[in-house]
Structures are given as structure tokens and as C-alpha cells.
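Please assemble the complex out of the two chains, which come individually in their own frames, going by the hints.
Protein sequences appear in the order of chains A and B. Once you know that position 74 of the first sequence is 75 in my numbering, the rest is easy, because the numbers rise by one and skip nothing. Once you know that position 213 of the second sequence is 749 in my numbering, the rest is easy, because the numbers rise by one and skip nothing.
Treat the hints with care, since some could be wrong.
As the list claims (entries may be wrong) - Below, in silico cross-link-like pairs of lysine-lysine (BS3-like), each with a Cα-Cα straight-line distance of 27 Å or less:
| hint | chain 1 | residue 1 | chain 2 | residue 2 |
| --- | --- | --- | --- | --- |
| 1 | A | K9 | A | K132 |
| 2 | A | K226 | B | K592 |
| 3 | B | K565 | A | K226 |
| 4 | A | K129 | A | K260 |
| 5 | A | K199 | B | K618 |
Calculated directly from the structure, the hints in this document are not laboratory data.
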Amino acid sequence: MARDINTKKLKKNAFRYSKVRGETASRIRIPGGVINAKSMARIAEVAEKYGNGTIFVTNRQGVELPGIALEDMDAVNSMIQSIIDDSGVNQEERDKGYPASGTRNVVACPGSRLCPFGCYDTTELARKMDKMIFPSHLHVKIAFTGCSNDCAKVRMDDFGFIGMTEPQYDPNRCVSCEQCIKYCSIRSVGALSLVNGKVVRDTAKCIGCGVCVAYCPTRAWTRSKEHYFRVVIMGRTGKKNPRLAEDFIKWADEESIFKMVRNAYAYVEEYIDPNALEGKEHIGYIVDRTGFDEFCKWVLKDVNLNEKAEVASRVYWGGRHYDRSNDLM
Amino acid sequence: MGYVLSRDSFTRVLKKIGQSRRIYAPVNKVGEGRFTDVDVVRYDFVTEAPEIELDKKSDYAFKEILTPLSQTLFFFTEDEVKEADMDEREVIIFLRSCDLHAVKRLDAIYLENKFVDPFYKRIRDKVRFALIGCGRSYEDCFCVSMGTNRADGGYLFSVDMIGGKYYFDVKDDELAAIFASEAESEQAVEARYVTENEVKVTIPGNVPVSVYKDPLWEEYTVRCINCGRCNFVCPTCTCFTMQDIFYTDNGRVGERRRVGASCMVDGYTNVAGGGQYRRTNGERMRFKVLHKIHDFRKRFGFDMCVGCGRCDMVCPEYISYANIINKVNDAVEGGAVNG
Ligand code: SF4
Ligand code: SF4
Ligand code: SF4
Ligand code: SF4
Ligand code: SF4
Numbered sequence: 002m003a004r005d006i007n008t009k010k011l012k013k014n015a016f017r018y019s020k021v022r023g024e025t026a027s028r029i030r031i032p033g034g035v036i037n038a039k040s041m042a043r044i045a046e047v048a049e050k051y052g053n054g055t056i057f058v059t060n061r062q063g064v065e066l067p068g069i070a071l072e073d074m075d076a077v078n079s080m081i082q083s084i085i086d087d088s089g090v091n092q093e094e095r096d097k098g099y100p101a102s103g104t105r106n107v108v109a110c111p112g113s114r115l116c117p118f119g120c121y122d123t124t125e126l127a128r129k130m131d132k133m134i135f136p137s138h139l140h141v142k143i144a145f146t147g148c149s150n151d152c153a154k155v156r157m158d159d160f161g162f163i164g165m166t167e168p169q170y171d172p173n174r175c176v177s178c179e180q181c182i183k184y185c186s187i188r189s190v191g192a193l194s195l196v197n198g199k200v201v202r203d204t205a206k207c208i209g210c211g212v213c214v215a216y217c218p219t220r221a222w223t224r225s226k227e228h229y230f231r232v233v234i235m236g237r238t239g240k241k242n243p244r245l246a247e248d249f250i251k252w253a254d255e256e257s258i259f260k261m262v263r264n265a266y267a268y269v270e271e272y273i274d275p276n277a278l279e280g281k282e283h284i285g286y287i288v289d290r291t292g293f294d295e296f297c298k299w300v301l302k303d304v305n306l307n308e309k310a311e312v313a314s315r316v317y318w319g320g321r322h323y324d325r326s327n328d329l330m
Numbered sequence: 537m538g539y540v541l542s543r544d545s546f547t548r549v550l551k552k553i554g555q556s557r558r559i560y561a562p563v564n565k566v567g568e569g570r571f572t573d574v575d576v577v578r579y580d581f582v583t584e585a586p587e588i589e590l591d592k593k594s595d596y597a598f599k600e601i602l603t604p605l606s607q608t609l610f611f612f613t614e615d616e617v618k619e620a621d622m623d624e625r626e627v628i629i630f631l632r633s634c635d636l637h638a639v640k641r642l643d644a645i646y647l648e649n650k651f652v653d654p655f656y657k658r659i660r661d662k663v664r665f666a667l668i669g670c671g672r673s674y675e676d677c678f679c680v681s682m683g684t685n686r687a688d689g690g691y692l693f694s695v696d697m698i699g700g701k702y703y704f705d706v707k708d709d710e711l712a713a714i715f716a717s718e719a720e721s722e723q724a725v726e727a728r729y730v731t732e733n734e735v736k737v738t739i740p741g742n743v744p745v746s747v748y749k750d751p752l753w754e755e756y757t758v759r760c761i762n763c764g765r766c767n768f769v770c771p772t773c774t775c776f777t778m779q780d781i782f783y784t785d786n787g788r789v790g791e792r793r794r795v796g797a798s799c800m801v802d803g804y805t806n807v808a809g810g811g812q813y814r815r816t817n818g819e820r821m822r823f824k825v826l827h828k829i830h831d832f833r834k835r836f837g838f839d840m841c842v843g844c845g846r847c848d849m850v851c852p853e854y855i856s857y858a859n860i861i862n863k864v865n866d867a868v869e870g871g872a873v874n875g
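For reference, chain B alone in the conformation it holds in the complex (with noise of 0.2 Å):
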């Protein structure tokens, strides 16, 4: 069903919903940016409509409520282990259509990868969708090459912002009588959807071991400053490392967290004896684009990337993975051609 609201009724709509849920949403974030007066767009608990940024796209994704960037999972003494308390109650994601296929891509590491990862999966049971339309492609987004611009289902409702009024199209029978008692007017409403993006890449098909040797990936070992704010931002990265706490000098209490990884940064290949398996950065690029574009295909038959494009806005050093993939196809396409 389809409802017009106005702001103040939208809220209303998400007081009554949040009365039993939580709601996550993109909040643009006064001043948190990297720079004097700049903002950041990014994930938060929210109780009223204002707070929600329906307009800017997010610097960060969703992914932070299911994977947490710094998360304790259990306590320990000498003899005794506790599992960290959790919220409850159920969630409510406003997420964009590139983001609701992402979700597909975390479940599939988390709960289809031979194991099911049960931190993962309490948070996952609980957490339901909102559709966030896009009345406009952003800078950067490749979503149409993705084949992730559209949603079709797997959310409760959709929203869209246009000339200050709310559109909803409601899926969920409990919350259509809420959204019923508070709308405008009915009337059919789709979610916006873009169809063209700017920024266009070809996925190459097969991708031949020779371009693992190609010195296209030497240029990102001088040019990247191995940070990996690509991978914090991204809304499939989906690494993380393990950290035992001590409190005490003896070391018999503690806790063990667990927080996000970069296959970017300095670290992350280490391996005990002071090996590190990918030194350079150029070497690392080509590990992440082709495990993005390629080698997770091969495992769940679907890219990893949706084609957000947050990677390409938040590098420092303008490199453009996007571009990336299409030097890649070149480089298979190429290399077809030469034999």
C-alpha cells in the first residue's frame, strides 16, 4: 500500500514503531567530518524523521550495527565466561537499495560460509529493512553495473523525499494500519530507482592468473597510503581481527572484542614470525578488487562490490577502484586478444 506523510505524521509513525524497535538510519553528523566544518553521513539510532538524511548518501554504511567496528563479545575471569549483553529488541535498517544487496553479500560470509557465525547471526535475526529511494544517482555510484539500483522486496516499506512530503509503500500488513492512521492521503507509490549511473564498469568474466602479474597494480604501490578507510566505509567488507584484554597484570580477567580489519592496512597479513604475505600496497589493491570482482563470485556466484561507490569518495588519494575494475577487464580483454 502506498501512504503520503508529512513530516511530523512520519514521525509519529516512527515513535509508534519504535515503541517495541529500535531504528538505524543515516544521520548526517554536524562538523564529525574529517575537516573543520565538514559533515559525515553516517549510521545512528533515531527517533524522529529530521534526524534521518533521506537526501545525501552515507560516507558509512549500515554494516556497523551487524559488525560492529569495536565489539566486546564475552568476558572472562579464571574460571568463569560471559557472553556481552545485547539489545533485544528488533531493528529497523533505512538502508539504499546497493546497501539491502549488500546484506546478502554479509549473510552469505557470516551464516553461509560453511559456518554459522552466531554473534553475527543474534544481531541479524533482529534486524528488518527500510527501502531509502534514490531519486538521483550520486557521484561515484555503479550500481546499474552492479545490478543492485533496484530493490525487489526483502524490506518492510520504502520511503522517498520529494517536496518535503513522505512516500511510503508499505509491504508489511502491522505497519501499514500505523502508516494507514497517520498518511495524507493513499495513493500507489513505487520506490525511486535510478537507471543510468555516471560512473559505468565491465566486470570481466574470467580473470586469467597473468593478471595477477600485471604491472597495472604497481601504480596504487606508490599511490595508496594503505589506510584502508576504502574497507571501513565499504558495506561489504566484511574483515575483522580477534583481541584478548587483560584488566589485570595477572591477566586472568579480561575480555575478548572483536574489531574491524582492513586488508589494506599495514597488519593485516602478518603472520607470526614477521612474515606479512602482501607487503606493497599495489599488492594488496590487487588482492581486494579481485576478491570484490572475482574470487568471492567464484565461491557464492555473485559479486561482492554493489557498486556504492563510498570507497571512491572517501579515498584520500582520488584512486578510483571503479576504474580499476575497468583496467582489469581491459587487461583481460587485452590479454584475450593477445593470446
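One chain only, chain A, in its complex shape (with noise of 0.2 Å):
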């Protein structure tokens, strides 16, 4: 039989156009970069099965199978079903597959499952997040990172969620032995000082990242019991214009981050280049056409920031742009 392949819904299913003829990859979703063992090995066993034995680790953090006959697409696809399970992930129709690829698997650091110095459970969120909008064919990234370590590299996304605490000061527990001081200015940007034998917090200064809190030996130091997340947007890597994600919100909160990501997913369906090749535009070269206050304007729609959040009145993004031109300095 001729082999006769749609490349365009193979990719929406979630496997790759090959550079060797004949042959795809399978590309496997694991939201926040957590999945259990027992889908490992299944994992495994299609890669032996069914590609060529290896298995390709993504930079965000999914797997993808490489070495699959194209004719075999639709038997890896009901042997990924249990994965699909096990990972939460939305579908359309059992033993499709994966019913989108433009939106990206959405990144987690190890967070405060595990991690000391995480703000928040990032599995969590990000599994949420991956729930509300998956399946979309847009090409949209999304990284939720514990703390200001940003060890999910947040700042290469769409949109970057960095967690924050807002440190609680009991000064009957403080001793003055000036740790906190000590580690603020060592691991982060010194927002510490000692006044009168009590400890003084800079709060423009303070990042939230909640340093002062871990090194405190009395508990003078807690946690807030809020939770509250730096919103990063518009970066990305690629050949035009790359650059890092810029601050947008300080100190927002878990419910409003949510509505935003839903309103960016309207405000990319009202402007997205009609004509844009094969329907793809990324989310940040239409806000560069919208301009930053109409994003503003969508993306803030219905949005009850608490009260703490501060919101940018301007977003300005570095980067290179070749574009423009390729010199070095």
C-alpha cells in the first residue's frame, strides 16, 4: 500500500515530523514533569516496542520515542492510553493519543513537594494549569518555577509563574543573632537590616523568596499563609527576536493567574495572524503587533487582583533582534 500521511494531523497527534523518511516520534505530555513509575516503564516498553530502543528527554519535560514507523502510530497510540491515565492529561477519544501539540507541556521545578526553598506545590499548579488548557492547537509555554531560583528557567515562557512568600515578623522570638541579615544578603538581594536589635525588612526591596524564613532558627520568621507568584511574560528563544520573559505582576495570587491564562488564550484567538504559516503565531509576537495595553486590556479582563499585587504600567523586552541585524557587538 502507498504510504499516504497528513503530516499536518500527525503533528496534532502529537508526533513528530521525522527527518528520516518513513519514520515519527512519539511525543509524551507529563505536566509539571511528574509522572509515576509504573507509566515510566510503560514508556519503556513502547520505546522497545515500537521505536528504535532510546528515549529522548526533553527540555520540557516530556519524552518523546524516537524511531516509530509511521504505519505504527496508531498502535502506540492505544498503548500510551494508560499514560495518558495516569498523567490527567484531557483527550478527545481513548486510544488517539494526544489530541494537541501547540500547546506546550507545562513546566514544573521540583517545588515545595521538595525543594526548601519552594513557594509553592508547582506539580500542582502546573497539572491545573495543563487541565485548563488542554488540549489548544495555539503555541503557547507556560512554566510555573518555586522561587526566585527560577530553576524552571520561567523566563524562556509565554507566561512564568515564580512563587512568593510574604515574610511574617514576630519580633518577641527574635534573638538578633541577624541570619536572616546574613543569608538575604548572601543567597538574595539584602533586604535585611537590624534597627534597635530588631530586624527591619525593605519591602520594595523584598522578592518574597522566603530565604529569611528557612535560615531563622527561633520562627521569628514564618511564612505567609497566602501564597503569591511574580508573573513573567513574553519570552521566548527562536531565530528573530529572542529575549526573557519581563515582570508584569508582583505578589498575585493563585485564582487570578488562572483568569489570566484564560483571558490570554481569548485575546490570541481574537488576533492571531489569519495567514500566519500553518495557523502557528507565537503569543508573544502578537502582543509586539497589539501593542502591551491592549494585551493589557484582555488579559486583565475579570481579574480581581488581590490587594497586595502590583501590576506594571509598561513591559519593555530586550533581546536580540536579527531581523534587524546580525552584528556583533
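Structure below.
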């Protein structure tokens, strides 16, 4: 039988177009980068049975199984069903694999499940976000990181959420040992000072990393009950204008960030270039086109940010513009 | 007398007792631990039974009421000194057997160490105790080795929570009447105590000077980060430092504070001129350990450490003080064998 494959469908079904003729790679979606060992074993099985026996671990915490014959895509789709069930990824039809690939896997650092500095459960929020936005063919990248260390490198994404805590100070428990001051200065931004034997926090300077809380020996510093987020937007890699995401909001709350992402999808639907190649235009380039104010209008619609939240009035992105110049400095 | 009470009736007892007294007990503080979504058990004032954490061992000790982490002793102006006010009510502290033994250590330091500390005494005079029975040994406890696993007296009543019911052995007659009025039943009750811990230590008899020079301490110069957490959670660490705070630039109005100090953190042994007696963390560890299990005993006749294990539980570097005791003992015994 002649080989007649719709490559557009193949890609949307989360298979990769391979340079090796007749072959593809299956892209397994793992929101938050956490998967059960049982599913990992299943991934290995698929790689052995249909692939070339290797597993490619991607930069966005998914895995790809290369060397799969195009003819085996259906068989692979039914074999990965248990993985899809296990990782809780939304699906349209059972045994048909993933219904989309445009909206990329949601990335997360280990966060508070593992990391002493994690300010919230990054895995849980990544999964919750994936549930909300997937499946979608729109090209959007979202990542969660537990604290300002940004181990998940969320500044490379369209939306990056950086965990924050608002340190709470009980002067009656403070013994002036100055460890919070020392470690805020060494490991963070140096927002603390000692005044009359008690610690004063420069609230404008404090980035909410929680280092002071981790080092205080007496529990004079504790974490706020609320979990907060720094929202950074429109970072990207790519040929034209790679750049880091810039700060949009600090001290945002969980409910608001989810609403903002939902709004962002509506904004993209409205403004995406109808003639874009393969219907794919990155949200960052749309913002470049419509302007920041229009983006804000859409994204902040009906969002009731908590009182503490501060929104940037302007956002300026840097990075190189290779479409303008390829010269070295 | 022994009484069995429900949770609600225990709360009613606490309310009655609390009319003229304050009740200080271990409380599980949700999310107030070092890391996100981690609780910490530390002492606070309570009014109801469910607030008292009777299951977990407290991370911080009861001593914070007797020797506050930060306490204003008096205020001063140019020509006047005014002692800080204090609550005059009696306090009942809920604590476990090891901690009740720790009170004896605090008293030794603050009341029997040549001088009587008036600030300690004025609160100590108001304090009574309620014993929390130990239904099991916790991780890191070595109270049996230290002989502090059982309290014989020194408390008003004991409490054990078993299967949702509270069991009291009430030693105080006035309180017995209150318990009796709320009790579901009267029966013989004995506070539970443990007879074996997983962690065991052997306290060395006499520690020869050679042990001070033993290489065993060097490891801690590298491992310990001199955070002092082991001191701040310890029920028997008693060190403090004085602070004179001036509210105004002319420096004539202010207050004198006493704040907790730690022999492990930087600055503890600083003296005028920039000297520091114990520079390395290994030296500080040696001082701490030998003070707890040797030097104190030489003066008072019993060991300072009560084996509560909190210092092991809190150490971010997984340094086991209990293990150090055993290492010291090995060094002493080895030394003896080697002559
Ligand atoms: S970003 Fe922060 S929370 Fe996440 S792994 Fe790095 S240090 Fe830990
Ligand atoms: S949260 Fe971070 S930046 Fe803020 S005071 Fe604490 S250590 Fe410093
Ligand atoms: S680390 Fe804690 S006890 Fe030490 S100075 Fe800071 S707040 Fe006070
Ligand atoms: S030295 Fe450690 S085990 Fe001993 S009383 Fe202090 S905290 Fe408890
Ligand atoms: S808690 Fe551990 S690391 Fe900190 S001072 Fe004590 S022994 Fe050293």
C-alpha cells in the first residue's frame, strides 16, 4: 500500500515530523514533569516495542520516543493510553493519543514537594493549568517555578509564575542573631537590616524568596498563609527576537493567574494572524503587534487581583533583533 | 485521683481552671514551620482542649515562658527606671517528662547558681505544671539513657489522650474537684511513660582533658553551620545576652532587653578588642556537648541534658548530638584502655 500520511494531523496528534523518511517520534506529555514509575516503565516498553529503544528527554519535561514507523502510530496511541490516564492529561477520544500539541507541556521545578525553597506546590499548579488549557492548537508556553531561583527557567516562557512568600515577623521571637540578614544578603537581595536589635524588612526591595524564613532559628520569621506569584511574560527563544520574559505583576494570587491565562487564550484567538504559517503565531509576536495596552485590556478582564498585587504600567523587552541586525557588538 | 473526660469536658475544665490562670501548652502551628506547608509545634497560650498538641513532640521547648527569646526587663529615662509589667496570674505549663526534668536544670542555673535571677524568679514563682504522658518514644528521644523518662511528682495533674478520651491523674485537691465535676468516670490512672528509646547514649564518667584535644571535634568544624537551632529548641540551654536600646539620638531614653543567645552562633564568645574564644564550630560543639554532659554535672551533681532529642531533630546538617555523646564515651573508654 502506498504511504499516504497527513503530516498536519500527525503533528497535531503529538507525533514529530522526522528527518528520517518513514519514521516519527511519539511525544509524551508530562505536566509538571512528574509521572508515576509505572508510566515510566510503559514509556520504556513503547520505546522497545515500536521505537528504536532510546528515549529522548526533552527540555520541557516531556519525553519523545524516536524511530517509530509511521504505520505504528495507531498501535502506539493505544499503548500510551495508560500513560495519558495516569498523567491526567485531557483527551478527546480514548486510544487516539493526544488531541493537540500546540500548547506546550506545562513545566514545573520540583517546588515545595521537594525543595526547601519552594514557595508552593508547583507540580499541582502545573497539572491544574494543563487541565485548563489543554488541548489547544495555540502555541503557548507556560511554566511554574517555586521561587526566585527560577530553576524551571520560566523567563524563557510566554507565562512564567515564580513563587513568593511574604515573610511574617514576630519581634518577640527575634534574638538578633542576624542570620536572616546575612543570608538575605548572601543568597538573595539584601532587604533586611537590624534597627534597635530588631529586623526591618525593606518591603520594596524584598522579592519574597523566603530565605530569611528558612534560616531563622527561632521561627521569628514565618511564611505568609497566602502563596503569591511574580508573573513574568513573553519570554522566548527563536530566530527573530529571542528575549527573556519581563515582570508583569508581583504578589499576584493563584485565582488571578489562572484567569489571566484563560483570558490570554481568548486574546490570541482574537488577534492571531489568520494567514500565519500553519496557523501558528507565538503569543509574544501578537503582543508586539497589538501593543501592550491591548494585551493588558484582554488579559486583566474581570481579574480581581488581591490587594497586595502590583501591576507594571509598561513592560519593555530586550533581547536581540536578528531581523534587524546580525552584527556582533 | 484518676478521671476520664471527653474532649468537650476537658475544655470545660480548662475554662474553669483558666478563670484565674493562664494555660501554656504545645500547639501545632499550621504552616509556620521552616518550609512551605510544614507545621511547627511550639508553645503558646491555649483555652480549649483541641488546641493542645498531645500527640506530636514539640519542636520548641516550654522554656520560652520562663526565659523568653526576647524580653524587655526595664525602661529607662534620664532619671527613672521602670520595670516592665508582667501578668500576675498563675501559669500551668503542659509538658512531657523530659521537660519537667529540664525545669530542675533551669532552676539550678537561674536560682541556685550563686545568685538568684529576679526576672526568672518572678515568673517561676507563678508556674505550675501538668504532665503530658508519653504513649511512645519519639524519633531522637533518649530520655531513658538520661533517666528523665519518668516524672515522680512535681505536677498538678497528668494527661494522656487515648482513643479520643483524656485520662487524668490529678494530684492537686482543688483541681480534683473541678475534674470530678466534669468526669465521665473515675478510675485509677497512671501517666504513661516510655521504658526504652531507639536512641541510647552512654554518658562518660570523668572526661579527661585529652578528650578536649581529640580529633573527633574537627568533623564538626566542617559540618556544622553554626545556626544555633540546637540551642534555641533545647529546654536546658539558658544563655542570654543583654541589649540596651536607645529610642532617641541623645541616647537617654530606652529599654534594656534580654535576648536568647546560642553558644554555636558567631559572636557568642566575642570579647572586647575583637577576640573570640571559640572560633571554629568544632570548638563550639565541644563546649556545648561537654557542658551538657560533664561540666554542668561537676557543679550541680546531675547532667544538664535531659535527652529530649530536639537538637537532633532540628539540625539542618543532620548532626546527631546523641551520637557525639557516644563518640565522647568511646574516646574516654578508648583513652582509658590505652592508658
Ligand atoms: S526554583 Fe526555587 S523552588 Fe524551584 S527548585 Fe529552584 S530553588 Fe527550588
Ligand atoms: S523574603 Fe527573601 S528578599 Fe525578602 S527579606 Fe526574606 S530573604 Fe530577603
Ligand atoms: S534570624 Fe530570626 S532570630 Fe535571628 S535576627 Fe533574624 S529574625 Fe531574629
Ligand atoms: S541537648 Fe539536645 S537532647 Fe539534650 S536537652 Fe538539649 S535539646 Fe534535648
Ligand atoms: S543545629 Fe546543627 S548545624 Fe546548627 S549549630 Fe546546631 S549542630 Fe550546628
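For each hint, the structure was consulted:
With a CA separation close to 24 Å, the supplied pair K9 of chain A and K132 of chain A stays within the 27 Å bound. For the suggested pair K226 of chain A and K592 of chain B, the alpha carbons sit about 22 Å apart, so the restraint of at most 27 Å is met. With a C-alpha separation of about 11 Å, the suggested pair K565 of chain B and K226 of chain A falls inside the 27 Å cut-off, and the hint holds. A threshold of 27 Å between alpha carbons decides the hint, and for K129 of chain A with K260 of chain A the separation of about 12 Å falls inside it, so the pair holds.
Straight-line distance between C-alpha atoms of K199 of chain A and K618 of chain B comes to about 21 Å, which keeps the hinted pair within the 27 Å bound.
Figure legend: structure checked against the earlier numbered hints; every hint is met.
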